[in-house]
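Peer 1: Sequence order for the protein chains is X and B. If you want my numbering, it's the position in the first sequence, counting the first as 1, plus 8. If you want my numbering, it's the position in the second sequence, counting the first as 1, plus 682.
Be aware that a few hints might be false.
[Unchecked claim] Below 27 Å or equal to it, Euclidean Cα-Cα: the simulated BS3-like pairs (lysine-lysine) are:
1) B:K1006 / B:K696
2) X:K22 / B:K696
3) B:K707 / B:K696
4) B:K767 / X:K22
5) B:K885 / X:K22
6) B:K780 / B:K707
7) B:K866 / B:K892
8) B:K780 / B:K885
Hints in this document: simulated from the structure, not taken from any laboratory. Keep in mind that this is a model prediction, so the values were computed, not measured.
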Amino acid sequence: MRIHIPSALRAYTKQQSEVEVEGSTLGEVLSELDVRYPGFRFRIVTEQDRIRPHIRIFVNDEQAQELLTPLNGEARMYIVCALSGG
Amino acid sequence: MARATMTSTPAASKGAVTLLIATRKGAFTLRSDASRRTWKLSAPMFLGHIVHHMVLDPRDRRTMLMAVSTGHLGPTIYRSTDGGKTWKESSTPPAFRKVPEGESGRTVNHVFWLTPCHANEPDSWYAGTSPQGLFRSDNGGVTWAAFSYINEDPQYLEWMGTVQDGTPDGPKLHSIIVDPRNPKHLYFAMSGGGVHESVDGGKTFLPLIKGLEVVEGFDPATVTFHDPHCVQLCPSNPDRLYQQNHCGIYRLDRPSNQWVRIGKHMPKAIGDIGFPIVVHPRNADVAWVFPMDGSTVWPRVSLGGKPAAYVTRNAGNTWSRLDKGFPKADAWWTVKRQAMTRDAHDPVGLYLGTTSGEIWASRTEGQSWVCIARHLPEIYSVEAAMLAR
């Protein structure tokens, strides 16, 4: 599946804005991303396996809030940094 | 508790000083010439990242750790082994234990405090987090694990209180101190949650709060209510500690467990409220504070808009105002607990960073001050480092 990487995380992906990763659940995809880009997962998922407060993940325009969310191999995923800061 | 003989008074340092400046929008360095008269500001490092603390390892004077998060991303630690030229992220940053599904577990919001372990424990570091957690790395900051039992201990969790009991930016574990005579003799402090001591390398900790006051109407016997802002151990006499607390300035001379409120000797119009405290590297009778307004809603700015540091040269019996060079009026500074420090030169250089982005320095132990940088982001911490050449 193709995953859109926000600018805040592209230091991990060698500035790639999209990467291709396989997995049958959101959790599997994020784990695979972490294998490929060490440290990536912990920046967006807490040690309690919760998506961090200012991170949103959309799969085919639907927000995914649980790591067990099943994925269709054809799906497209967006990792989004929600508005915050200042 | 067994105590070794007194450590010898550290020799004065010489040469260029590098200030490690952590801000809400990245990190900077300011490097002096040998006389500490001129300073050169670096380009920002990790621009836009929230940097809480940047510390040089005094054991090799090349390794540096930086506690980093961003508005969106979770907390991590970056490590440099070349004096800050290049950085690499920790592979396992500090994190609390994952609890089983259905239970409520804690999450590290940010790493707040970094302390190198004892001189005889090279590559080992302690980290304090928000919410309160104590962690240790034994490989130079590459991987981190919970240290001691306090992160999971029901009693300590009660003393830590909730997020609502902590500071506005989250409750913090800070002031991690290692006795230079004994790596197993440790202190740490929590806002809130009091000061704690271990004499067995962290196997057990006990509160060290006797004599400390709490906000009016609360019971000082309740550990949760204690809010130490900054604790410092005197390198020339490790049996002496100074503390700037939410409720005053204190000194503790071990083996006594009774803190003494030396802030009562401050001028009444100034009071003894503030965040940082700095101790002299070679004279345990000397300490500096930066008082701020603690009245009504706790403005925590320079009293009357007139910034001043205060020094005691007799262990807190008397205090003297140090404001030469500071603005005479209309300067409403806040200086956070990690944002005032010193070098080890003779005379000692003092440095403070304001939340309005200015760095002020004194080459004369506070007798006169000069602004050496302005227009920086909100300053969280300042450390004076002697980098290896």
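Peer 1: Are K1006 of chain B and K696 of chain B close enough, with their CA atoms no more than 27 Å apart?
Peer 2: Holds - the C-alpha atoms of K696 of chain B and K1006 of chain B are around 24 Å apart, at most 27 Å.
Peer 1: Check whether the Cα positions of K780 of chain B and K707 of chain B lie no farther apart than 27 Å.
Peer 2: Cα-Cα ~30 Å, so violated.
Peer 1: Measure nothing beyond the straight line between the CA atoms of K767 of chain B and K22 of chain X; if it is 27 Å or shorter, mark the hint as holding.
Peer 2: Status holds; Cα separation ~19 Å.
Peer 1: Holds or violated: K866 of chain B with K892 of chain B, Cα cutoff 27 Å?
Peer 2: holds, 22 Å
Peer 1: Could you grab the alpha-carbon distance between K885 of chain B and K22 of chain X and see if it respects the 27 Å cut-off?
Peer 2: It is violated: about 43 Å lies between the C-alpha atoms, which goes past 27 Å.
Peer 1: Straight-line Cα separation of K707 of chain B and K696 of chain B no greater than 27 Å?
Peer 2: Given pair K707 of chain B, K696 of chain B is violated - Cα atoms ~31 Å apart, limit 27 Å.
Peer 1: Take a quick look at whether K22 of chain X and K696 of chain B sit within 27 Å of each other, Cα to Cα.
Peer 2: Given that 27 Å is the threshold and the Cα spacing comes to 42 Å, the pair is violated.
Peer 1: Would the pair K780 of chain B and K885 of chain B pass a check requiring their Cα atoms to be no farther apart than 27 Å?
Peer 2: holds, 22 Å
Hint check: violations occur at hints 2, 3, 5 and 6; the rest are consistent with the structure.
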